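S.K.: Required output: the full structure, derived from the provided sequences and hints.
Protein chains in written order, with our numbering: chain A, 1 to 310; chain B, 1 to 310; chain C, 1 to 310; chain D, 1 to 310.
In case anyone wonders, no lab produced these hints; they're calculated from the structure. These numbers were taken from a predicted model, which means no experiment stands behind them. Quick reminder that beta carbons are idealized off the backbone N, C-alpha and C, glycines included. Errors might be hidden in some of the hints.
Sample of chain B residues at the chain A side, in silico, Cβ under 8 Å [claimed, not checked]:
#1 Arg22
#2 Ala152
#3 Leu154
#4 Leu157
#5 Thr160
#6 Leu219
#7 Thr224
#8 His260
#9 Leu265
#10 Ala266
#11 Met270
#12 Ala279
Here are a few chain A residues that sit away from chain C, every Cβ distance over 10 Å (derived from the structure) [to be verified]:
#13 Glu70
#14 Asp78
#15 Ala110
#16 Arg125
#17 Gly138
#18 Thr160
#19 Lys215
#20 Glu232
#21 Gly269
#22 Met270
#23 Asp305
Read off the chains here:
4 protein chains.
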Amino acid sequence: MGIVLGDNRYGKAETRVVRIVRDSPRHEIRDRNVSTALRGDFVDAHQTGDQAHVLPTDSQKNTVFAYAQEHGGEAAEDYAVTVADRLLEASPYATSAQVRVEEYTWDRIAVGGSEAGHDHSFVRRGTETRTCVVTVEGRGSYRRLHVLSGLADLTVLKSTGSEFQGFLKDRYTTLAEADDRVLATSLTAWWRWRSQFSTGATDGPDWDASYDSVKALLLETFATTYSRALQETLLLMGQAVLRAHPDLAEIRFSAPNKHHFVVDLAAFGMDNPGEVFHADDRPYGLIEAQVRRDDVGDEAVAWRDVPGFC
Amino acid sequence: MGIVLGDNRYGKAETRVVRIVRDSPRHEIRDRNVSTALRGDFVDAHQTGDQAHVLPTDSQKNTVFAYAQEHGGEAAEDYAVTVADRLLEASPYATSAQVRVEEYTWDRIAVGGSEAGHDHSFVRRGTETRTCVVTVEGRGSYRRLHVLSGLADLTVLKSTGSEFQGFLKDRYTTLAEADDRVLATSLTAWWRWRSQFSTGATDGPDWDASYDSVKALLLETFATTYSRALQETLLLMGQAVLRAHPDLAEIRFSAPNKHHFVVDLAAFGMDNPGEVFHADDRPYGLIEAQVRRDDVGDEAVAWRDVPGFC
Amino acid sequence: MGIVLGDNRYGKAETRVVRIVRDSPRHEIRDRNVSTALRGDFVDAHQTGDQAHVLPTDSQKNTVFAYAQEHGGEAAEDYAVTVADRLLEASPYATSAQVRVEEYTWDRIAVGGSEAGHDHSFVRRGTETRTCVVTVEGRGSYRRLHVLSGLADLTVLKSTGSEFQGFLKDRYTTLAEADDRVLATSLTAWWRWRSQFSTGATDGPDWDASYDSVKALLLETFATTYSRALQETLLLMGQAVLRAHPDLAEIRFSAPNKHHFVVDLAAFGMDNPGEVFHADDRPYGLIEAQVRRDDVGDEAVAWRDVPGFC
Amino acid sequence: MGIVLGDNRYGKAETRVVRIVRDSPRHEIRDRNVSTALRGDFVDAHQTGDQAHVLPTDSQKNTVFAYAQEHGGEAAEDYAVTVADRLLEASPYATSAQVRVEEYTWDRIAVGGSEAGHDHSFVRRGTETRTCVVTVEGRGSYRRLHVLSGLADLTVLKSTGSEFQGFLKDRYTTLAEADDRVLATSLTAWWRWRSQFSTGATDGPDWDASYDSVKALLLETFATTYSRALQETLLLMGQAVLRAHPDLAEIRFSAPNKHHFVVDLAAFGMDNPGEVFHADDRPYGLIEAQVRRDDVGDEAVAWRDVPGFC
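M.R.: So this is what it looks like as structure tokens:
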């Protein structure tokens, strides 16, 4: 019996790179937080301290910046693919590279009533963070590409059209049934692209347009469907996305149920028909679910090291 | 020589109250974080432990909730005034009450291409937090009202139209002059209302409309003026607001200079003409300035306990 | 081809329960953040909105509190097992329950030079958070128990005795070799117990003593071994723990390399022989590794939904 | 009537400087977050964009690092004084300089049962942050020095020996009287040194020893005195400090009352005699108080821009 090194990976997390596209006076901005990680044969680094196989995380950071020059104006997914491929080229002992991107959105500042907005002045939008995780395994003809796109912290609320009743009760159940409640969550979602779109960056879909479409479907489904539970709403949201996007294999959700408790004002002689709520911080319900096509495989590697629901 | 109690205050911080206005099927939402504080004769509570003068902070919290029923649908400033007056009514030993509100903005979810948005489903906007601090001193004919309105964390960026040069140099100065740089800040601003508008909630201005106007002026001035330093930009922003709003006595800014450093790509044989930046977290410049009319007094009490620039 | 519900789970996250053991005047305190999650047959909740299989997360919270009465004074692992078993008892449609605990440590306040510390007054220690994840699958003779113990945010630093050189170089490598550097990390570690100790709470090891021992081994190994890379140090730490603790099957680490950069003071005519450092926030290296016995299986279910390295 | 620039200041916030003292094999570590700010004649920077009076914040950062070489091994207060004096020397248009330090404490890692701990390996303590704010006004014979020392986030809890009753009641009061409760707070305190100790760094007290003494007095008083309210406890703590430290003029506290609510287990047929608590996040009571000698003046400038209670 021995003690051995198991799975391992390393990389540079949270390089904050901002790319200004200034090919014309009307600038574009891409504001990203980029994390890279390599898996492969790094046994010596652990066992003998020999770093000959190890491309420094500092070099990975430099790569993130250098590739932002040529590719940083592209969609996050395309940019991430170029970085991942380059890291595998630079590190012959790596067998896979993962590049994770969080992207922050900026709007043009409105000026003079014009709808176009200012050419080079921006205000950060703040609603949600757009994300992607690109994993490249192998090189050349053995290369496989996995792409997850997603969003984090999309905070939504319904002030009616939600109930929670008919649930299982045990001796510790004190919750009252609710036929009209506030439903609020801060949604994190990941959708996985089918592999036929994963053969190369140039063959890819219009990531930006698909992001806007998925987000709109999530929001509209949340808004327009009655909710008997957050679980039901998540499934409906997932179905709406997969129906509209045949290129997607599955979508996964992590959704904290951000409780809004009706405040009891009876002691003060007041009614409270669903008007005054206490928005509590902790604890919160946490609902996680996957929605998928029944004809696609698992591709666990696409989800490796993805924080949250895996 | 003795050791004595000096200034003191107490209250309930960060009551998270959400008010749904459901008088019609088209709901409104007011999502707030409310903090109250009382000053007055609370010497016994400190010296002998006698609590007879002390209205519990729990009762202050209950007041925040109860008053949300009748007034929570009003503008934050109006609601805060009613809470402050009530706390002074309930606590005869208090000489002043301060109510601070942070308000989070929600947009209606877009559905079916309609511009109106959904009746009862919302997505949190996230750009900035709207704030106010209302201080009431005294009661009846001795009552004085001070109102600050403001915003926090309005994050803006100019990708050109900003320089920083001609500065003082000492032996520790290594910074290069910059004739074209990225300027970014996460703005916190407070504007103080003249006292003639402070005589009562019912006489007040349209707080919501004035908030939108001040925010638009701040954004538009930031966008459309050339910046030789963040200091110059803040003064221009303040002047624009005070010129347009004769009811305001002064405005104060706290603005971190969120550094975006041009990444040196020369080692990789690449130019970087203001395209690839590293957005650094710390340290950051911190610029704070007041802009005021020269014919108004100080009203220090309005700014008492306001975090940041005071 | 259809669109189907995949894996799912739900529970109550972050119930903050504090248990004071006051059987004698010398109180004990157990300060915990408890999260529960159930997996099982919850298809109807998603597909039809029927909640008959769903034990509310509110009931799970109540269970966390109620079981703190009888078991909250025990070690986190023992307490978590009782909660998990109870949830499976209460929820016949659940197939597994996971209970996650973060525990915050308090020291007795020193008084009058006594080493014993005060009987009922405490100061929070703050160094690291103790953690555990208990997963129970099945019931009765089909019951299987998986236990992870761990710690988070144990921040350590070596001011010498660390190098990083001989690494792989590519065209984007600018990092200088370092033969004496500061090595700092904020360690998160999880160690998995062999299954023979997982048959029941009463048969378990002394969790508190083993925690202290593992933590001491991690610290002492970090302190007393020369580091040619953080990878080498992690493997040494893991080996030390597994050698001393035959009951443990494996240990996993996630370790951000918190960079301390030597500040270049040459422009000011000053040397800086490893004395003045800039502690940078982002980006950071992120090193993750598993150390395991070669005769134990994977038990993936023990690691399911564990955030970070999985 | 005109619109004019009012008070203003600028500086570099949160420079993270770590100083390793390696004069012997037994290293020392000083881990600090340093913020600087200048006030003075910076009107042109605001009005015309002329930066000739402005020492860049980047130069202030360089000064923080360069002075860490010679003075960074000294107590935070001494180091801060040298930085403030240097900034006034470098910036002739500045009239005052403020240097704020947050210091994080590291313990030596225990090895081999020795009490001495390791020579160059450390673990971060985490209990509280040590702080100081040094303000220098003027130069040479007009120079005045103000020193605040302090601590932040010292989290303490009493599991008994605390009550809250006999308080004022109004129509919104529902809180029950408590004759035995948990009292917990996360203390921030600032103590101001008398001016006779403020004439220069070399004449100063032993800042490190006084810090340890003040902290011990705060803790011991909290532990050993019965509490009829957090207000009473704060006054007792302040009195204990001022009695033992004649060099101090005053001490100020900001203390959130971190509520621990007894969980009602009666619905489950269980008693809960002060054993199981819910530690709530928000809202929280917030108690702020000053304790001072009656023969010292105000020295408002010492407290200028100090966040929190001012």
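S.K.: For the restraint on threonine 160 of chain B, tell me whether the closest CB of chain A is nearer than 8 Å.
M.R.: holds (5 Å)
S.K.: Once the shortest beta carbon distance from leucine 219 of chain B to chain A is found, is it less than 8 Å?
M.R.: With a minimum Cβ separation of about 5 Å from chain A (threshold 8 Å), the hint on leucine 219 of chain B holds.
S.K.: Hey, does methionine 270 of chain A actually stay past 10 Å from chain C on C-beta?
M.R.: Holds: least Cβ distance 25 Å, greater than 10 Å.
S.K.: Quick one, is the leucine 157 of chain B hint okay against chain A at 8 Å, beta carbons?
M.R.: holds (5 Å)
S.K.: For the hint on alanine 152 of chain B, does the least C-beta distance to chain A fall short of 8 Å?
M.R.: For alanine 152 of chain B, the interface hint is violated, since the closest Cβ of chain A sits about 12 Å away, which is over 8 Å.
S.K.: Hint validation: threonine 224 of chain B versus chain A, beta carbon distance must be below 8 Å. Holds or violated?
M.R.: holds (6 Å)
S.K.: For aspartate 78 of chain A, is the shortest CB-to-CB distance to chain C above 10 Å, so the non-interface label stands?
M.R.: Answer for aspartate 78 of chain A: holds, closest chain C Cβ roughly 19 Å.
S.K.: Identify whether the interface hint at alanine 266 of chain B stands, where standing means a beta carbon of chain A within less than 8 Å of its own.
M.R.: At 11 Å from the nearest chain A Cβ, alanine 266 of chain B fails the 8 Å test, so the hint is violated.
S.K.: Is threonine 160 of chain A truly not at the interface, in the sense that its beta carbon sits beyond 10 Å from all beta carbons of chain C?
M.R.: Fine: 16 Å to the nearest Cβ keeps threonine 160 of chain A off the interface.
S.K.: Run the C-beta distances from aspartate 305 of chain A to all of chain C and say if the shortest one exceeds 10 Å.
M.R.: violated (7 Å)
S.K.: Report holds or violated for the interface hint on leucine 265 of chain B, using the least CB-CB distance to chain A and a cut-off of 8 Å.
M.R.: Because about 6 Å separates leucine 265 of chain B from the closest Cβ in chain A, which is inside the 8 Å limit, the hint holds.
S.K.: So glutamate 232 of chain A supposedly isn't at the interface. Is its beta-carbon more than 10 Å from every beta-carbon in chain C?
M.R.: violated (4 Å)
In summary, the structure is inconsistent with hints 2, 10, 20, 23 from the numbered list given earlier, while agreeing with the others.
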